[in-house]
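Engineer: Listed here are the chains, written in short residue letters.
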Amino acid sequence: MSDGFLADAQLRDARGFGLTTDEVRMWAPFYPLEIYWAKKHHLALETARRWAEHGVPIRDTVKAVAVGLTLEETDQWVNEGFTAADAWEAKETGVDITEAVAWRRAGFIAPDALQLIRDGWELEEATAARYAGVDRYPASPLPA
Amino acid sequence: MLSEEKNLLLCQTGPATPMGELLRRYWQPVAAMAELEDKPIKLVRLLGEDLVLYKDRHGTHGLIDRHCSHRRADLSYGFVEEHGLRCNYHGWLWQESGQCSHQPFEETTHPEGRFKEKVRIKAYPVQAAAGLLWAYLGPLPAPLLPDWDMYHARGYKQIVFAEVPCNWFQCQENSIDPVHFEWLHANWSQVLRGEDGPRAPTHTRLGFDELDYGFVYRRVREDTTEQDELWTTGRVCLWPNCLYTGHFEWRVPIDDENTLSVGWFLDPLPGDEPFEQARIPYWYSPIKEPNTGRWIDSHIMNQDFIAWVGQGTIADRTKEHLGESDRGVIMLRKKMFEQLEVVKNGGDPLGSIRDPEKNHAVHLPVVGGLPRSVTAGQDGPPRFPFLAGQPPEVTDELQRLWAELSAIGSAGAGV
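Those protein sequence lines, which keep their order, are chains A and B. When we follow the numbering used here, the leftmost residue of the first sequence carries the number 1, and every step to the right adds one. When we follow the numbering used here, the leftmost residue of the second sequence carries the number 1, and every step to the right adds one.
Think of the hints as simulated: they come from the structure by calculation, not from any bench. Note that the structure is predicted; figures quoted are calculated from it, not measured. A hint or two may mislead.
Stated by the list, open to error - Covered stretches of chain A, going by a simulated chain B footprint (3 or more residues, C-beta under 8 Å):
#	stretch
1	23–31
2	53–64
3	67–80
4	105–114
Said to hold, decoys possible - The list that follows gives simulated cross-link-like pairs (lysine-lysine, DSS-like), each with its CA atoms no further than 27 Å apart:
#	chain 1	residue 1	chain 2	residue 2
5	B	Lys344	B	Lys288
6	A	Lys40	B	Lys344
7	A	Lys91	A	Lys40
8	B	Lys335	B	Lys358
9	A	Lys91	B	Lys358
10	B	Lys334	A	Lys39
11	B	Lys39	B	Lys157
12	B	Lys157	A	Lys40
13	B	Lys358	B	Lys344
14	B	Lys344	B	Lys6
15	B	Lys122	B	Lys344
16	B	Lys335	B	Lys39
17	B	Lys344	A	Lys91
18	A	Lys39	B	Lys358
19	A	Lys40	B	Lys334
20	B	Lys335	B	Lys6
21	B	Lys42	B	Lys122
22	B	Lys157	B	Lys358
23	B	Lys157	B	Lys42
24	B	Lys319	B	Lys334
25	A	Lys91	B	Lys334
26	B	Lys335	B	Lys157
27	B	Lys334	B	Lys344
28	B	Lys288	B	Lys42
29	A	Lys39	A	Lys91
30	B	Lys6	B	Lys319
31	B	Lys335	B	Lys319
32	B	Lys6	B	Lys334
33	B	Lys335	A	Lys91
34	B	Lys122	B	Lys39
35	B	Lys42	A	Lys39
36	B	Lys42	A	Lys40
Even for Gly, the Cβ is constructed at its ideal location relative to N, Cα and C.
Can you make the complete structure from the sequences, with help from the hints?
Structural biologist: And the structure:
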């Protein structure tokens, strides 16, 4: 079934998502689902390629563009060890890198932290809550 | 981690709860079509509502309140008529629309009162598709019942139910948790078999995409690359309460503390002649060992059940510590919270299909594509790996069909 360029799975998904083989070829190396998603959200191929060169998948590019996050800003997040998904979700939530780093240092991965922030949690409060019931007795030095 | 309040928002599915309102916007599988052919009345508890599903002698399905509107007798002990379900207490007859159509004593003594026209019972729409009966408990007009492409694939289909004593949402979180497969299924199975060999290949990368009907998760393991279909195609976390990996696993809330696992499976069959399955069999999978009372751990979904019930009847998400492997779970929760708002604001939630033109063999990505034929060199159907307790008649029927179709294929090849 392979047409020599596209794998069977790509042809299958291309048909399923209503894409032509020409479209899949034009958008290579994106997968049919990614192409479908990009087209559905009117993401230009050029933009998709530019962001992909920075390692940003289509879904995250679509979200980043929607929340007004630039590629340069995304790079800043990635350089701090976050993902592109963290970057657009932080922008959407109104959280900057410094705050996200503080939560990460306290042991909250970015999407967990961002959900907590959206729910109105402060870092100290969340940190205390997550250990509630874990340390039943505070650590004390052994008797001499 | 979530606050208790947010956790309950995900878990409470009764009438008038936000999640209950969201889930009521989707058709939910509640029984097998064959089940009602065997016995025309089934007690159904769905989203905390006690209901009775029936098939009358005319062949119409109905889903109505378990309790008769007269004096609340239990209609699951009623009996079906040519049209409708009759209460065994005083003989009131109910139609699938919820209308009362006969009240024997009232009509004898006071027919001009036309009391029956003034009495109704709670009733919900039912549809039959893919060997299942589906219920819709939301506001009308109902969306279309999705017609997934896999329903049309050639093969032997079977439906397996299991009642799992925990909340539905921890079951659905499992649908977007790729790493659990490595530990709960691969490594633990190895331990259960008493094997000491090397552990299963470790996950090295996860990816997530959205589609119109949920999420796709992708994985790369030590033994695969980004060229593997596990990455290029991935698996579908089907919105709002299903996993699709070539078979379907719906996690249907019975109430907030119990979930009906509804599995829909398709085994490829030899040859390529048209194959129509007259009756899709169904069975109920046991989840506990009868002798010990311990959970059964021999099959893939049984292992999932152990993880789910182990999290507690309703998982306490105020006490969890989420890591990188949980990105999908967090994403699922975020989308749920967003969709709760969509419904609250009067919108149509994610995945609703209303255009009939777009509801024929709707495509869902699946590794390997729709199973069209058996793997080369396979000389019989594989053991059913998903749930314990497959009845011999189902195993035998599949083996018989396999042998018959293989023989036809061999005869054809010899011509």
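Engineer: Work down the list of hints and note, for each, if the structure agrees.
Structural biologist: Each hint, compared with the structure:
1. A count of 1 residues in the stretch 23–31 of chain A with a Cβ less than 8 Å from any Cβ of chain B is obtained; the coverage claim is therefore unmet, three being the minimum.
2. With 3 residues having a Cβ less than 8 Å from any Cβ of chain B, the stretch 53–64 of chain A passes the three-residue criterion, so the hint holds.
3. Check on the stretch 67–80 of chain A: 0 of its residues sit with their Cβ under 8 Å from a Cβ of chain B, so the three-residue criterion for coverage is violated.
4. Residues of the stretch 105–114 of chain A with a Cβ under 8 Å from some Cβ of chain B number 5, which satisfies the need for three, so the listed coverage holds.
5. Between the alpha carbons of Lys344 of chain B and Lys288 of chain B the distance comes to roughly 39 Å, so the proposed pair goes past 27 Å and is violated.
6. With a CA separation close to 25 Å, the supplied pair Lys40 of chain A and Lys344 of chain B stays within the 27 Å bound.
7. Between the alpha carbons of Lys91 of chain A and Lys40 of chain A the distance comes to roughly 22 Å, so the proposed pair stays at or under 27 Å and holds.
8. A C-alpha spacing of about 23 Å is found between Lys335 of chain B and Lys358 of chain B, which places the hinted pair at or below 27 Å, so the restraint holds.
9. Straight-line distance between C-alpha atoms of Lys91 of chain A and Lys358 of chain B comes to about 35 Å, which puts the hinted pair past the 27 Å bound.
10. Using a Cα cut-off of 27 Å, the hinted pair Lys334 of chain B and Lys39 of chain A holds, with the two alpha carbons roughly 24 Å apart.
11. Our distance criterion of 27 Å between C-alpha atoms is met by Lys39 of chain B and Lys157 of chain B, whose separation comes to about 21 Å.
12. A C-alpha spacing of about 34 Å is found between Lys157 of chain B and Lys40 of chain A, which places the hinted pair above 27 Å, so the restraint is violated.
13. A hinted pair counts as satisfied when its Cα atoms are at most 27 Å apart, and Lys358 of chain B with Lys344 of chain B qualifies at roughly 26 Å.
14. For the hint pairing Lys344 of chain B with Lys6 of chain B, the CA-to-CA distance comes to about 16 Å; that is within 27 Å, so the pair holds.
15. Between the alpha carbons of Lys122 of chain B and Lys344 of chain B the distance comes to roughly 23 Å, so the proposed pair stays at or under 27 Å and holds.
16. Distance check on the hinted pair: Lys335 of chain B and Lys39 of chain B sit about 39 Å apart at the alpha-carbon level, beyond 27 Å; violated.
17. Taking the CA atoms of Lys344 of chain B and Lys91 of chain A, the gap is about 25 Å. The hint holds against a cut of 27 Å.
18. Simply put, Lys39 of chain A and Lys358 of chain B have alpha-carbon atoms about 18 Å apart, close enough for the 27 Å limit, and the pair holds.
19. Only pairs whose Cα atoms come within 27 Å are accepted, and Lys40 of chain A paired with Lys334 of chain B is accepted, the gap being roughly 21 Å.
20. Taking the CA atoms of Lys335 of chain B and Lys6 of chain B, the gap is about 13 Å. The hint holds against a cut of 27 Å.
21. Our distance criterion of 27 Å between C-alpha atoms is met by Lys42 of chain B and Lys122 of chain B, whose separation comes to about 16 Å.
22. Distance restraint check for Lys157 of chain B and Lys358 of chain B: the Cα-Cα separation of roughly 24 Å lies within the 27 Å cut-off, and the hinted pair is therefore satisfied.
23. A distance of roughly 22 Å separates the Cα atoms of Lys157 of chain B and Lys42 of chain B; the hinted pair therefore holds under the 27 Å criterion.
24. Under the criterion of a C-alpha separation no larger than 27 Å, the hint pairing Lys319 of chain B with Lys334 of chain B is consistent with the structure, at around 18 Å.
25. With a CA separation close to 15 Å, the supplied pair Lys91 of chain A and Lys334 of chain B stays within the 27 Å bound.
26. As the CA atoms of Lys335 of chain B and Lys157 of chain B are separated by approximately 32 Å, the hinted pair breaks the 27 Å bound.
27. Distance check on the hinted pair: Lys334 of chain B and Lys344 of chain B sit about 16 Å apart at the alpha-carbon level, within 27 Å; holds.
28. Among the hinted pairs, Lys288 of chain B with Lys42 of chain B is consistent with the structure: their alpha-carbon atoms are about 23 Å apart, no more than 27 Å.
29. The hinted pair formed by Lys39 of chain A and Lys91 of chain A meets the criterion: a straight-line CA distance of about 23 Å does not exceed 27 Å.
30. A hinted pair counts as satisfied when its Cα atoms are at most 27 Å apart, and Lys6 of chain B with Lys319 of chain B qualifies at roughly 13 Å.
31. Pair hint Lys335 of chain B plus Lys319 of chain B holds up; C-alpha atoms about 21 Å apart against a cutoff of 27 Å.
32. Proposed proximity of Lys6 of chain B and Lys334 of chain B is supported: the alpha carbons are some 11 Å apart, at most 27 Å.
33. About 17 Å separates the Cα atoms of Lys335 of chain B and Lys91 of chain A, which keeps this hinted pair within 27 Å; it holds.
34. A threshold of 27 Å between alpha carbons decides the hint, and for Lys122 of chain B with Lys39 of chain B the separation of about 22 Å falls inside it, so the pair holds.
35. Restraint check for Lys42 of chain B and Lys39 of chain A: the C-alpha separation of about 46 Å exceeds 27 Å, so the hint is violated.
36. Between Lys42 of chain B and Lys40 of chain A the alpha-carbon distance is near 43 Å, which puts this suggested pair outside the 27 Å criterion.
Checked against the numbered hints above, the structure violates hints 1, 3, 5, 9, 12, 16, 26, 35 and 36; every other hint is satisfied.
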